[in-house]
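Listed below are the residues making up each chain.
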Amino acid sequence: MKWKDNNSKCMSDEMIQIYIDNEIDAFEKAGMEKHFAECKNCNRRLYEHKKMISDFKQSISLVNIESIEIPEFKYEKTPVIARKKHRLFYWKWAAAAVILIASSLFIHEKLNTNSQNDVQYIIFDMSSEVDANKPLHEQTMSIYIIDKSGKQIETIINNL
Amino acid sequence: MNNFKDTYNTYYKLVYRFAFKFLGDHDNAADITQDVFLHLYNQLKLKREIYNIKAWLYKVTSNLCMTFLNKNKRITKQDYEKLAAYEADNEKNIEVVEALKKMNKRDRILLTLYSEDISYKKMADITGIKFTSIGKTLSRALKKLKHEMERQQQQMHV
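Residue numbers (my numbering), protein chains in the order written: chain R, 1 to 160; chain F, 1 to 158.
Incorrect hints may have been included.
Unchecked claim - Below 35 Å or equal to it, Euclidean Cα-Cα: the simulated DSBU-like pairs (lysine-lysine) are:
no.: 1; chain 1: R; residue 1: K51; chain 2: F; residue 2: K5
no.: 2; chain 1: F; residue 1: K143; chain 2: F; residue 2: K47
no.: 3; chain 1: R; residue 1: K29; chain 2: F; residue 2: K136
no.: 4; chain 1: F; residue 1: K105; chain 2: F; residue 2: K71
no.: 5; chain 1: F; residue 1: K146; chain 2: R; residue 2: K34
no.: 6; chain 1: F; residue 1: K105; chain 2: R; residue 2: K57
no.: 7; chain 1: F; residue 1: K5; chain 2: R; residue 2: K92
no.: 8; chain 1: F; residue 1: K102; chain 2: R; residue 2: K92
no.: 9; chain 1: R; residue 1: K74; chain 2: F; residue 2: K5
no.: 10; chain 1: R; residue 1: K134; chain 2: F; residue 2: K136
no.: 11; chain 1: F; residue 1: K122; chain 2: R; residue 2: K92
no.: 12; chain 1: F; residue 1: K144; chain 2: R; residue 2: K74
no.: 13; chain 1: R; residue 1: K29; chain 2: F; residue 2: K5
no.: 14; chain 1: F; residue 1: K143; chain 2: R; residue 2: K92
no.: 15; chain 1: F; residue 1: K144; chain 2: R; residue 2: K77
no.: 16; chain 1: R; residue 1: K77; chain 2: F; residue 2: K136
no.: 17; chain 1: F; residue 1: K102; chain 2: R; residue 2: K34
no.: 18; chain 1: F; residue 1: K101; chain 2: R; residue 2: K50
no.: 19; chain 1: R; residue 1: K34; chain 2: F; residue 2: K71
no.: 20; chain 1: F; residue 1: K122; chain 2: F; residue 2: K105
no.: 21; chain 1: R; residue 1: K92; chain 2: F; residue 2: K136
no.: 22; chain 1: R; residue 1: K57; chain 2: F; residue 2: K71
no.: 23; chain 1: R; residue 1: K74; chain 2: F; residue 2: K146
no.: 24; chain 1: F; residue 1: K143; chain 2: F; residue 2: K102
no.: 25; chain 1: R; residue 1: K50; chain 2: F; residue 2: K5
no.: 26; chain 1: F; residue 1: K143; chain 2: R; residue 2: K40
no.: 27; chain 1: F; residue 1: K121; chain 2: R; residue 2: K151
no.: 28; chain 1: R; residue 1: K74; chain 2: R; residue 2: K92
no.: 29; chain 1: R; residue 1: K92; chain 2: F; residue 2: K54
no.: 30; chain 1: R; residue 1: K29; chain 2: F; residue 2: K59
no.: 31; chain 1: R; residue 1: K50; chain 2: F; residue 2: K121
no.: 32; chain 1: R; residue 1: K57; chain 2: F; residue 2: K54
no.: 33; chain 1: F; residue 1: K5; chain 2: R; residue 2: K57
no.: 34; chain 1: F; residue 1: K71; chain 2: R; residue 2: K29
no.: 35; chain 1: F; residue 1: K144; chain 2: F; residue 2: K101
Just so you know, the hints here were simulated from the structure itself, not pulled from any lab data. No experiment lies behind these values; they were computed from the predicted model shown.
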């Protein structure tokens with residue numbers, strides 16, 4: 001475990017970051033500087049970290065917005081982002097309402113058509129045509145379909 | 001309200017740049033900037049004092065950007081088209097902004113603030129991250145960003 005002992009004083013990435021950003025008090029800084037002078041590994045890491053930060057700052061400094069024009073300030077009661085959101089919000093409700101109305105109309109129509117032909121009774125009448133001498137497939141069967149009010153809707157006479 | 005006009009002209013680009021770095025989109029950055037100054041206008045109208053205008057602007061901008069991102073999680077097709085058009089103009093610029101977009105919101109805001117040379121104390125104040133963990137979070141975020149950029153470059157070459 002000698003390796004671990006040797007590196008126990010070495011800096012964490014966090015410490016290196018704080019050191020570079022100078023967010024450290026003078027006493028700690030002096031200690032760290034001493035360590036960087038002694039430890040090659042930490043020195044290399046410090047260099048790498050510095051490079052990483054400078055690369056980042058350089059690449060983000062390329063974001064150039066100097067060419068944009070400053071528009072005149074317009075006072076509006078509601079913020080732009082909130083207004084955008086509201087517009088979407090209203091559209092959602094409008095769409096929901098349209099779908100609701102359409103579907104309710106459709107269901108209403110369906111129910112109406114069903115109630116018109118509401119079959120209540122089905123009467124089979126086979127008595128008049130029965131001839132016991134004939135085989136079954138030569139018998140005739142009549143079916144009368146009668147609705148709620150007693151009106152006869154359909155008559156089916158079937159030769160079996 | 002002369003005071004407001006001066007502030008508006010002085011800090012417009014600062015707010016815009018911050019919003020653009022964070023969102024990577026010019027239209028949204030302009031909207032956010034307008035909203036930030038609307039907030040400022042309302043504050044001044046109510047005669048509320050703002051002691052450190054720059055810090056206040058950073059804080060409001062980052063809060064508005066965060067809210068905006070939370071509400072617009074889905075990226076629309078139009079956004080992609082805009083991005084592609086922008087990428088053609090300014091390829092190197094978008095690389096880092098694009099990499100930032102892939103990271104989580106906390107790292108993104110921290111790196112954006114870091115790029116503006118803001119002290120750790122103010123960063124902690126703006127983001128709500130503990131002051132003692134700023135260094136750790138920042139170094140991790142920087143590493144992640146580096147990896148993300150390398151990954152993007154590899155994809156471009158393939």
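How the hints compare with the structure:
no., hint, result
1, R/K51 - F/K5, "40 Å, violated"
2, F/K143 - F/K47, "44 Å, violated"
3, R/K29 - F/K136, "17 Å, holds"
4, F/K105 - F/K71, "13 Å, holds"
5, F/K146 - R/K34, "29 Å, holds"
6, F/K105 - R/K57, "19 Å, holds"
7, F/K5 - R/K92, "38 Å, violated"
8, F/K102 - R/K92, "30 Å, holds"
9, R/K74 - F/K5, "11 Å, holds"
10, R/K134 - F/K136, "102 Å, violated"
11, F/K122 - R/K92, "40 Å, violated"
12, F/K144 - R/K74, "40 Å, violated"
13, R/K29 - F/K5, "44 Å, violated"
14, F/K143 - R/K92, "42 Å, violated"
15, F/K144 - R/K77, "41 Å, violated"
16, R/K77 - F/K136, "41 Å, violated"
17, F/K102 - R/K34, "38 Å, violated"
18, F/K101 - R/K50, "23 Å, holds"
19, R/K34 - F/K71, "49 Å, violated"
20, F/K122 - F/K105, "18 Å, holds"
21, R/K92 - F/K136, "44 Å, violated"
22, R/K57 - F/K71, "29 Å, holds"
23, R/K74 - F/K146, "40 Å, violated"
24, F/K143 - F/K102, "13 Å, holds"
25, R/K50 - F/K5, "40 Å, violated"
26, F/K143 - R/K40, "21 Å, holds"
27, F/K121 - R/K151, "90 Å, violated"
28, R/K74 - R/K92, "28 Å, holds"
29, R/K92 - F/K54, "39 Å, violated"
30, R/K29 - F/K59, "30 Å, holds"
31, R/K50 - F/K121, "21 Å, holds"
32, R/K57 - F/K54, "20 Å, holds"
33, F/K5 - R/K57, "31 Å, holds"
34, F/K71 - R/K29, "43 Å, violated"
35, F/K144 - F/K101, "12 Å, holds"
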